[in-house]
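Asker: If you want the building blocks of each chain, they are given just below.
Number of protein chains: 2
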Amino acid sequence: MGKQDVGITVSKKEDFSEWYTQVVLKAKLADYAPVKGLIVLRPDGYSIWESLRSTFDKKFARNGIRNGFLPILIPESLLGKEQKHFAGFNPEVFWVTHSGTNEIGDRLALRPTSETLAYTLYSKWIQSWRDLPLKINFWNTALRAEIKATKPFLRTSEFLWQEGHTVHSTKEEAEKEVLKILEIYKNTVEEELAIPVITGKKSEKEKFVGAEYTTTMESIMPDGKALQMGTSHFLAQNFSKPFEVKFADKDNVEHFAWQTSWGVSWRLIGAMIMAHGDDKGLVLPPKVAPMQVVVVPIYKNAEDGEKVISKVDEILDSLEQKSIRVHVDNREGLSPGFKFNDWELKGVPLRIEIGPKDIENQSMVVAKRYNLEKIKLNLNEIEKIPDILDEIQIEMLEKAKSESKDNTKNITDYEEFKEKIEDGGFFNSPWCGKLECEDKIKEETGAEIRVIPFNSEDNTKKCVYCKEPSVSIPIFARGY
Amino acid sequence: MGKQDVGITVSKKEDFSEWYTQVVLKAKLADYAPVKGLIVLRPDGYSIWESLRSTFDKKFARNGIRNGFLPILIPESLLGKEQKHFAGFNPEVFWVTHSGTNEIGDRLALRPTSETLAYTLYSKWIQSWRDLPLKINFWNTALRAEIKATKPFLRTSEFLWQEGHTVHSTKEEAEKEVLKILEIYKNTVEEELAIPVITGKKSEKEKFVGAEYTTTMESIMPDGKALQMGTSHFLAQNFSKPFEVKFADKDNVEHFAWQTSWGVSWRLIGAMIMAHGDDKGLVLPPKVAPMQVVVVPIYKNAEDGEKVISKVDEILDSLEQKSIRVHVDNREGLSPGFKFNDWELKGVPLRIEIGPKDIENQSMVVAKRYNLEKIKLNLNEIEKIPDILDEIQIEMLEKAKSESKDNTKNITDYEEFKEKIEDGGFFNSPWCGKLECEDKIKEETGAEIRVIPFNSEDNTKKCVYCKEPSVSIPIFARGY
Numbered sequence: 001m002g003k004q005d006v007g008i009t010v011s012k013k014e015d016f017s018e019w020y021t022q023v024v025l026k027a028k029l030a031d032y033a034p035v036k037g038l039i040v041l042r043p044d045g046y047s048i049w050e051s052l053r054s055t056f057d058k059k060f061a062r063n064g065i066r067n068g069f070l071p072i073l074i075p076e077s078l079l080g081k082e083q084k085h086f087a088g089f090n091p092e093v094f095w096v097t098h099s100g101t102n103e104i105g106d107r108l109a110l111r112p113t114s115e116t117l118a119y120t121l122y123s124k125w126i127q128s129w130r131d132l133p134l135k136i137n138f139w140n141t142a143l144r145a146e147i148k149a150t151k152p153f154l155r156t157s158e159f160l161w162q163e164g165h166t167v168h169s170t171k172e173e174a175e176k177e178v179l180k181i182l183e184i185y186k187n188t189v190e191e192e193l194a195i196p197v198i199t200g201k202k203s204e205k206e207k208f209v210g211a212e213y214t215t216t217m218e219s220i221m222p223d224g225k226a227l228q229m230g231t232s233h234f235l236a237q238n239f240s241k242p243f244e245v246k247f248a249d250k251d252n253v254e255h256f257a258w259q260t261s262w263g264v265s266w267r268l269i270g271a272m273i274m275a276h277g278d279d280k281g282l283v284l285p286p287k288v289a290p291m292q293v294v295v296v297p298i299y300k301n302a303e304d305g306e307k308v309i310s311k312v313d314e315i316l317d318s319l320e321q322k323s324i325r326v327h328v329d330n331r332e333g334l335s336p337g338f339k340f341n342d343w344e345l346k347g348v349p350l351r352i353e354i355g356p357k358d359i360e361n362q363s364m365v366v367a368k369r370y371n372l373e374k375i376k377l378n379l380n381e382i383e384k385i386p387d388i389l390d391e392i393q394i395e396m397l398e399k400a401k402s403e404s405k406d407n408t409k410n411i412t413d414y415e416e417f418k419e420k421i422e423d424g425g426f427f428n429s430p431w432c433g434k435l436e437c438e439d440k441i442k443e444e445t446g447a448e449i450r451v452i453p454f455n456s457e458d459n460t461k462k463c464v465y466c467k468e469p470s471v472s473i474p475i476f477a478r479g480y
Numbered sequence: 001m002g003k004q005d006v007g008i009t010v011s012k013k014e015d016f017s018e019w020y021t022q023v024v025l026k027a028k029l030a031d032y033a034p035v036k037g038l039i040v041l042r043p044d045g046y047s048i049w050e051s052l053r054s055t056f057d058k059k060f061a062r063n064g065i066r067n068g069f070l071p072i073l074i075p076e077s078l079l080g081k082e083q084k085h086f087a088g089f090n091p092e093v094f095w096v097t098h099s100g101t102n103e104i105g106d107r108l109a110l111r112p113t114s115e116t117l118a119y120t121l122y123s124k125w126i127q128s129w130r131d132l133p134l135k136i137n138f139w140n141t142a143l144r145a146e147i148k149a150t151k152p153f154l155r156t157s158e159f160l161w162q163e164g165h166t167v168h169s170t171k172e173e174a175e176k177e178v179l180k181i182l183e184i185y186k187n188t189v190e191e192e193l194a195i196p197v198i199t200g201k202k203s204e205k206e207k208f209v210g211a212e213y214t215t216t217m218e219s220i221m222p223d224g225k226a227l228q229m230g231t232s233h234f235l236a237q238n239f240s241k242p243f244e245v246k247f248a249d250k251d252n253v254e255h256f257a258w259q260t261s262w263g264v265s266w267r268l269i270g271a272m273i274m275a276h277g278d279d280k281g282l283v284l285p286p287k288v289a290p291m292q293v294v295v296v297p298i299y300k301n302a303e304d305g306e307k308v309i310s311k312v313d314e315i316l317d318s319l320e321q322k323s324i325r326v327h328v329d330n331r332e333g334l335s336p337g338f339k340f341n342d343w344e345l346k347g348v349p350l351r352i353e354i355g356p357k358d359i360e361n362q363s364m365v366v367a368k369r370y371n372l373e374k375i376k377l378n379l380n381e382i383e384k385i386p387d388i389l390d391e392i393q394i395e396m397l398e399k400a401k402s403e404s405k406d407n408t409k410n411i412t413d414y415e416e417f418k419e420k421i422e423d424g425g426f427f428n429s430p431w432c433g434k435l436e437c438e439d440k441i442k443e444e445t446g447a448e449i450r451v452i453p454f455n456s457e458d459n460t461k462k463c464v465y466c467k468e469p470s471v472s473i474p475i476f477a478r479g480y
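If you read the protein sequences in the order shown, they are chains A and B.
Following the working numbering, the numbering of the first sequence begins with 1 at its first residue and continues without gaps.
Following the working numbering, the numbering of the second sequence begins with 1 at its first residue and continues without gaps.
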């Protein structure tokens, strides 16, 4: 393979879509499966998911949420029990019709989401107020047949996600849970993946089928398209009634329960790739990087080699003691330049280079992946590496915030809206609250309401479309 | 609900099968899903799986194995590429024939196991000796339609498992890996679940379709039936040839690689329930128990309550500081007796009872679940709890070993074999090595060769069936 084939061959700016696919494949995060629309995660890709899972698990546990397991097959009759919900997923459902050579009577759906299955069980498990709140999360996959072109992590027919399903005795408690989860989502994405998000509600048109309302977090990607990063739904009693999720209160009177459901998927990994990657490849935030530091020993003869390797071993020990995920690249027959490119492609946050001259000077070169900056540290400054990683994590979020800001515009004039939408971005534009205007804008520009940010109510402006008085200033954008 | 309904209503000895099902359901480990043959894991059941996963992950990582993700759908054409393998699974495969209303050309199988899919990818990922060994594990589910009656954890049409797939440049290295994994399996099951296992090889008849040989670990359950606890297969080049898993060696010559695959499933949880449970319900080994200690405060009036609760809080703090998973049962309106039964049903390893008298005497009652022993400890002996839990873990394994020994017989006479097989158990019986005898024994007694233990070669005895000279002394048993 020539160098051309190994590295990224297009620029992020010029061909974002091809750039993205190359980064995913060449950094060995994922690969295509034999079935169209499905992907496989290689260890470096899956490790990022494991890191997110572990962070969410800790936060969920602190919030009294435990994990469970649901099977993947749902009978058609059950899926159809909440009609609106079913209609929303129907065209995307994979159907199992045979086991071996036997035809199955009631066809089985591969779960597009598990509300219907979970709530069938919840209705058995919940009898009294003592059983509430019931808060269970499921780490599994969902299957939704994609007809459009697929993109690893962003649009695939099977995707890894978590789906949480909680049940409460009061409306207030359920609504509080919806927001609590959205807050966990937001701080995890910002702190772990260094991607800023905007939280708020979906419009009636864009909400989850079956929810009373949907809260969402949205991000703007460098190509100007919006990405939905996670949603938390207030289901009210929309499912508890058809599925009979009822409880006897302390006074022994039976009530329908109040429910929530919420999920994030591996789409978050796609967002991370898009937000931080550059023309050299992947750029990983230190907190989720499978490997945080790579050490490249540089030497030409055996004598130098011995000195360098012995120092590198010290560095390795010292970093491992600090629980830094570190790797020494001692592959033979590959040049330092090749190795540098290789680890840059894979997005390792810090690279330490060390050769005989460095040892003479008691120094080492430390290269930061995210801004390609190189600094010289004294060998005894190895203690500083954890702090440098923390700083990188923070600086990456700041950088992403500033890019996100550059990609956000206040637009009140519809002509300007139509013109500028071609360049993408988040548009803060006043809206009258009517579906009609929302539909027209979508039809004419391809932009939809991504999120109505919390506290964006505003009746002093005029709707960007109809010029009637506004009710809020949602964020419009074209989306993934 | 009367007490009858809440607790276990049959004895383990008299109706093992019904006892087992009641324990699973009433201890709230699992429940039936709406589709026959599928189950759901409730948080206490899933937590045991998470604990096992975490232990295996640590051991796999130390052995250079990383995790990945594979999709659940495999095209029929791919599954059929290794013919013997395909034939083995064909009657059990669930087939997806439609997505939405569209018929799918090449039907899609829900993975019964992922060799064919993984190796299609491995053949792309592996080019040179530098890429080897490649060792990836996948935590997912497998789907195999069960026609026989299903049993939670033991026989279900979808089950949680891990499947590991490794590729090596030499036969020796691959064979070493097979045994290394079997060793990890054995010590995890013995140390975490307190169940003794016997390791060795499967006979040709019983090996995994497509493997050159299968190594296995087997346990004998209290009802006298054998349970396969995990298998590790040497695949030789049986898959690398049809799937073209090849590598260029240092001399640039291409070779077919050597492969292994291996797996354990949630069947291990079933084994744990059977091995340790009693007529009061579940008995959990401390290492995998979601809750290791439950504290039940006992008092009648508010004044006593205050004293007791304050002491209980101290105990809670002290145990949490020692990373013990502890819970205080302060449910109101339930009697201590009800609570004791409830936690015994759920198998919590240690219960601490504490009332006003105990506080006066500076003591507490500590009840061990596995042998129902109660001891009195001084309140300042709370430090001892972690050690007591460790002792229980060891004693449970000893107890299970002794039961397993009682259930193992040396049988050389076929009449005795036929008579005693009705009571179940592991039979050490000499065998000539011929399929014919193995088939006849299975046909006439229902017993099969579960495992040919390592170092059980013996040519000094006579085959239990044909009386020809033996080659080994396998373990025969009827199995799950």
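Treat the hints loosely; a few may be bogus.
Which copy? The list can't say, so a pair holds if one copy fits it or any two copies do.
[To be verified] Here are the simulated DSSO-like pairs of lysine-lysine, each with C-alpha atoms no more than 30 Å apart in a straight line:
no.	residue 1	residue 2
1	Lys135	Lys58
2	Lys84	Lys36
3	Lys59	Lys287
4	Lys434	Lys28
Honestly, the hints are just simulated from the structure, not real lab data.
Asker: Evaluate each hint against the coordinates.
Answerer: So, going through the hints one by one against the coordinates:
Proximity of Lys135 to Lys58 under the C-alpha cut-off of 30 Å is found in both arrangements, the shortest distances being 14 Å within a copy and 28 Å between copies. Taking CA atoms no more than 30 Å apart as the test, Lys84 paired with Lys36 passes in both settings, with 28 Å inside one copy and 26 Å between copies. Taking CA atoms no more than 30 Å apart as the test, Lys59 paired with Lys287 passes in both settings, with 16 Å inside one copy and 23 Å between copies. When the C-alpha separation of Lys434 and Lys28 is checked against a cutoff of 30 Å, the pair qualifies neither within a copy, at 46 Å, nor between copies, at 48 Å.
Hint check: a violation occurs at hint 4 only; the rest are consistent with the structure.
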